[in-house]
Amino acid sequence: MTPSVILVVLRVLMKRLLSLISQGLGLEKDCLEKKLGQKPIHPAQANYYPPCPDSELTLGLYVHTDLTSALTIVRQSEGVTGLQVIKDGKWVSVESIPDAFVINLGYQIQVLSNGRYKSVHHRAVTNKTQKRVSVATFYAPSRDSIIGPIQDLIDEQHPPAYREF
582 MTPSVILVVL
592 RVLMKRLLSL
602 ISQGLGLEKD
612 CLEKKLGQKP
622 IHPAQANYYP
632 PCPDSELTLG
642 LYVHTDLTSA
652 LTIVRQSEGV
662 TGLQVIKDGK
672 WVSVESIPDA
682 FVINLGYQIQ
692 VLSNGRYKSV
702 HHRAVTNKTQ
712 KRVSVATFYA
722 PSRDSIIGPI
732 QDLIDEQHPP
742 AYREF
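Position 58 of the sequence shown, counted from 1, bears residue number 639 in the working numbering, the numbering being contiguous throughout.
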């Protein structure tokens, strides 16, 4: 597949995921896509992590959440772990599965869902003997979108947890 075909496929996947997340929240299936705007931003980023004999001394990518995106789709090198997420206060490696993507929910989904979904804290670590490459594609709101908790998710038991921005 050419890079342009891959990008089209990833955009279709992202829209499908947004639809499923919307429905999971009890909303219309196109709700999140509409809230994120008519011209979403789709940046991509490639990361190269050379092998490091003492991987305790270096961190491939610092702890973060995907603050500016709603969704992140990551393709990892096959057979080399390096992506880690926090689970129950401990770092857990995300297994590299052949021909699979890792999907991260970004901060924009956390805000839109009024905290029902959380943006995952993650980092990348180096491998002692093998290089690692990851490619991430993001789905970020249109520049003119106003992001805030969706009104249908706010009530007396669930007041707004975030301000609009």
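These aren't lab readings, by the way, just hints derived from the structure by calculation. Don't take each hint at face value.
To be verified - 27 angstroms max Cα-Cα, derived DSS-like pairs, lysine-lysine:
no.	residue 1	residue 2
1	610	699
2	709	668
3	699	709
4	615	699
5	596	620
6	712	620
7	668	620
8	671	709
9	610	671
10	699	671
11	671	620
12	615	596
13	699	712
14	596	709
Stated by the list, open to error - Have a look at the derived ranges for each label pair, beta carbon to beta carbon:
no.	residue 1	residue 2	range
15	699	610	32 to 42 angstroms
16	714	594	17 to 27 angstroms
17	642	746	36 to 46 angstroms
It should be emphasised that the depicted structure is a prediction, and the values quoted were computed from it without experimental measurement. Glycine included, every Cβ here is placed at the ideal spot set by N, Cα and C.
Results for each hint:
Simply put, residue 610 and residue 699 have alpha-carbon atoms about 19 angstroms apart, close enough for the 27 angstroms limit, and the pair holds. The hinted pair formed by residue 709 and residue 668 meets the criterion: a straight-line CA distance of about 23 angstroms does not exceed 27 angstroms. For the given pair, residue 699 sits about 31 angstroms from residue 709 by alpha-carbon distance, which is inconsistent with the 27 angstroms threshold. For the proposed pair residue 615 and residue 699, the alpha carbon gap of about 20 angstroms is at most 27 angstroms, so the pair holds.
Straight-line distance between C-alpha atoms of residue 596 and residue 620 comes to about 13 angstroms, which keeps the hinted pair within the 27 angstroms bound. A threshold of 27 angstroms between alpha carbons decides the hint, and for residue 712 with residue 620 the separation of about 36 angstroms lies outside it, so the pair is violated. A distance of roughly 34 angstroms separates the Cα atoms of residue 668 and residue 620; the hinted pair therefore is violated under the 27 angstroms criterion. Only pairs whose Cα atoms come within 27 angstroms are accepted, and residue 671 paired with residue 709 is accepted, the gap being roughly 21 angstroms.
Our distance criterion of 27 angstroms between C-alpha atoms is broken by residue 610 and residue 671, whose separation comes to about 34 angstroms. Of the supplied pair hints, the one linking residue 699 and residue 671 holds, its CA atoms being roughly 17 angstroms apart against a limit of 27 angstroms. Using a Cα cut-off of 27 angstroms, the hinted pair residue 671 and residue 620 is violated, with the two alpha carbons roughly 37 angstroms apart. Straight-line distance between C-alpha atoms of residue 615 and residue 596 comes to about 11 angstroms, which keeps the hinted pair within the 27 angstroms bound.
This hinted pair does not check out: residue 699 and residue 712 have alpha carbons roughly 30 angstroms apart, beyond 27 angstroms. Distance restraint check for residue 596 and residue 709: the Cα-Cα separation of roughly 37 angstroms exceeds the 27 angstroms cut-off, and the hinted pair is therefore not satisfied. The hinted window of 32 to 42 angstroms between residue 699 and residue 610 is violated, with their beta carbons roughly 22 angstroms apart. For residue 714 and residue 594, the hinted distance range of 17 to 27 angstroms is satisfied, since their beta carbons lie about 20 angstroms from each other.
At about 25 angstroms, the beta-carbon gap between residue 642 and residue 746 misses the expected band of 36 to 46 angstroms.
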